[in-house]
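Novice: Position chain B against the provided structure of chain A, taking the given hints into account.
As you go down the protein sequences, you meet chains A and B in turn. For the record, in the first sequence the residue sitting at position 166 is 166 according to our numbering, with numbers rising by one throughout. If you count the second sequence from 1, you need to add 337 to reach our numbering.
No wet-lab data here; the hints were simulated from the structure. Do not take every clue at face value.
When the alpha-carbon atoms are kept at most 30 Å apart in a straight line, the in silico DSSO-like pairs for lysine-lysine are as follows [said to hold, decoys possible]:
| hint | chain 1 | residue 1 | chain 2 | residue 2 |
| --- | --- | --- | --- | --- |
| 1 | A | Lys311 | B | Lys354 |
| 2 | B | Lys390 | B | Lys354 |
| 3 | B | Lys514 | A | Lys124 |
Covered, in the sense of this in silico footprint (three residues per stretch, anywhere, with C-beta under 8 Å from a C-beta of chain A), are these stretches of chain B [what the hints assert, rightly or not]:
| hint | region |
| --- | --- |
| 4 | 348-362 |
| 5 | 380-387 |
No residue lacks a Cβ here, since even glycine has one placed at the ideal position from N, Cα and C.
These are the residues of each chain, in order.
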Amino acid sequence: MARTRYAPDRGLTVRMTVTMFLLGLVFVAFVAAIIGILTAVHASGAAIVLVALIFGGGSAIASLFYSDKIALSAAGARVVTPQEAPELHAIVDRLCALADMDKPRVAIAPTRMPNAFATGRNSKNSVLCVTEGLMYHSNLTPEEKEGVLAHELSHVAHKDVQVMTVASLLAIVAGLLVRFAFYSELFGGGRRSSNNNQGGIPVVLIIMAVSVVVYAVSFLLIRVLSRYRELAADRSGALLTGQPSALASALTKVSQGMSRIPNEDLRAAEPLNAFYFAPAMKLTRGGSGGGGGGGGKSLSQLFSTHPSLEKRLEQLAKIQRELGQPTAGGLSAGPGD
Amino acid sequence: MGFLDTLLGRTKPVQPKLDDLFALPSAAITLQASSGFTPTGSGSVCFRSVEGKTFSDIESDVRDLLNMDAGKPGGGLPVEVTRDSYGYTWLVSSHLSDELDALVTDLHAVNSALVDNGFGPQLLCTLVAFRDERERRLALVYLYKRGTFYPFAPLSGQERDNALEIQIKNALAEDLKIEQDLTRWFPVWGAPGM
Numbered sequence: 001m002a003r004t005r006y007a008p009d010r011g012l013t014v015r016m017t018v019t020m021f022l023l024g025l026v027f028v029a030f031v032a033a034i035i036g037i038l039t040a041v042h043a044s045g046a047a048i049v050l051v052a053l054i055f056g057g058g059s060a061i062a063s064l065f066y067s068d069k070i071a072l073s074a075a076g077a078r079v080v081t082p083q084e085a086p087e088l089h090a091i092v093d094r095l096c097a098l099a100d101m102d103k104p105r106v107a108i109a110p111t112r113m114p115n116a117f118a119t120g121r122n123s124k125n126s127v128l129c130v131t132e133g134l135m136y137h138s139n140l141t142p143e144e145k146e147g148v149l150a151h152e153l154s155h156v157a158h159k160d161v162q163v164m165t166v167a168s169l170l171a172i173v174a175g176l177l178v179r180f181a182f183y184s185e186l187f188g189g190g191r192r193s194s195n196n197n198q199g200g201i202p203v204v205l206i207i208m209a210v211s212v213v214v215y216a217v218s219f220l221l222i223r224v225l226s227r228y229r230e231l232a233a234d235r236s237g238a239l240l241t242g243q244p245s246a247l248a249s250a251l252t253k254v255s256q257g258m259s260r261i262p263n264e265d266l267r268a269a270e271p272l273n274a275f276y277f278a279p280a281m282k283l284t285r286g287g288s289g290g291g292g293g294g295g296g297k298s299l300s301q302l303f304s305t306h307p308s309l310e311k312r313l314e315q316l317a318k319i320q321r322e323l324g325q326p327t328a329g330g331l332s333a334g335p336g337d
Numbered sequence: 338m339g340f341l342d343t344l345l346g347r348t349k350p351v352q353p354k355l356d357d358l359f360a361l362p363s364a365a366i367t368l369q370a371s372s373g374f375t376p377t378g379s380g381s382v383c384f385r386s387v388e389g390k391t392f393s394d395i396e397s398d399v400r401d402l403l404n405m406d407a408g409k410p411g412g413g414l415p416v417e418v419t420r421d422s423y424g425y426t427w428l429v430s431s432h433l434s435d436e437l438d439a440l441v442t443d444l445h446a447v448n449s450a451l452v453d454n455g456f457g458p459q460l461l462c463t464l465v466a467f468r469d470e471r472e473r474r475l476a477l478v479y480l481y482k483r484g485t486f487y488p489f490a491p492l493s494g495q496e497r498d499n500a501l502e503i504q505i506k507n508a509l510a511e512d513l514k515i516e517q518d519l520t521r522w523f524p525v526w527g528a529p530g531m
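Isolated chain A, as found in the complex:
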């Protein structure tokens, strides 16, 4: 009976699926190449590959498992109780009740720059962190703060930490292989050369070359995926609060690095760093298409973890139009009258 105004964004879904498919494809090709190389000339590289897999997998699992602690200590943040930060907790409480999700722990980082991030391996262990700048020193209105928090809660709901960890596993392993292959060539080259002398090119070098290519490709794909996850979080956050333009103005304010109307001496503002909700980056014009490899994009945008401010605002404007669509028939005869 209930019609929904909250249709999924098909274009975004398709683009994200294609990206993940390509990542999977690279992964399969990578594994196939490694197996192929190893069966062609036996085991000399096997140890290296195995070690890289163990190290890569291990570090990915560890970073996933300790993601909340690592991020909190990197930001110097502290988990706060409802008594310490009643306003922040109240906003999060309400958003979690609206979204029917477990409430994450809430932390505050003693940074003046307005920003926020969310991390943690699952919904029970996630933590949402905002900077003091966002909460107390910015000229963000309560609605705008809520928009930022809704965006971060959407990251938690989408399990973005897990998804991105799995997605980066390949890049981690490939990166380790490059390094291992490089060192083993450096220190153990003489010993192995008698082993692989058929073609002249040592196995280790081939593995290294393949790994470099895989690393580069998967690095770019991960960045593409990350940008799509940001757009998805913007979308869910805006739908959750029903205020896409509040999120849009929060994005604009935060992306300035400091409020348009500064409350404090500009010289006191800290350098732009560790931007999670919105990274410090130049607005690049053009490149309006959605795909991964638009020709008009600048290099910085290709490597960026966040979509451009323009693209994010564009999406929010679209959601605003969707939410404002008039209801067919209006409020018909109400129930019980």
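Specialist: Chain B only, in chain A's frame:
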């Protein structure tokens, strides 16, 4: 949320559960018998407004609908609309203390209007106020997305009477679906309609 939704990074907005609200009138009788709390006759629906004219039109339609019966016997007072500091809208409906059925019907009218127009996910909670003879305040808060109730007993300042809340929880365990996850018993300080 399904695996596919996680993979594709989308959340389906949660539709509210409305039916459990009608358990309130009978629970109120149990509550009075076991702890002496009686309904004050006022209650409120809290929802997150959506920006734009479509939503504000629905909002004013609902208000007009509820006010049609105001002043008539059993119709209660005109509804009050307040916006709290978190940006949520509260529609307060006030009846006589023995008209809990009419109150619940009013509250339900708000729910249906929002749901019928596709804004069901915006509903946050409904609150029905109680008092005992010592003038202690108590509210039963209904969480739409969970379909569960929890008691909220504010003291002066920002303090909650947790002992009383637990006592009410146990008293009503048979009559209402009580929210078992205590972290979801969020305080609604200064909620209109208390």
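Novice: Against each hint, give a clear statement of whether it holds in the structure.
Specialist: Quick rundown of the hints versus the structure:
no.	hint	verdict
1	Lys311/A / Lys354/B	violated (35 Å)
2	Lys390/B / Lys354/B	holds (26 Å)
3	Lys514/B / Lys124/A	holds (23 Å)
4	348-362	holds (count 5)
5	380-387	holds (count 3)
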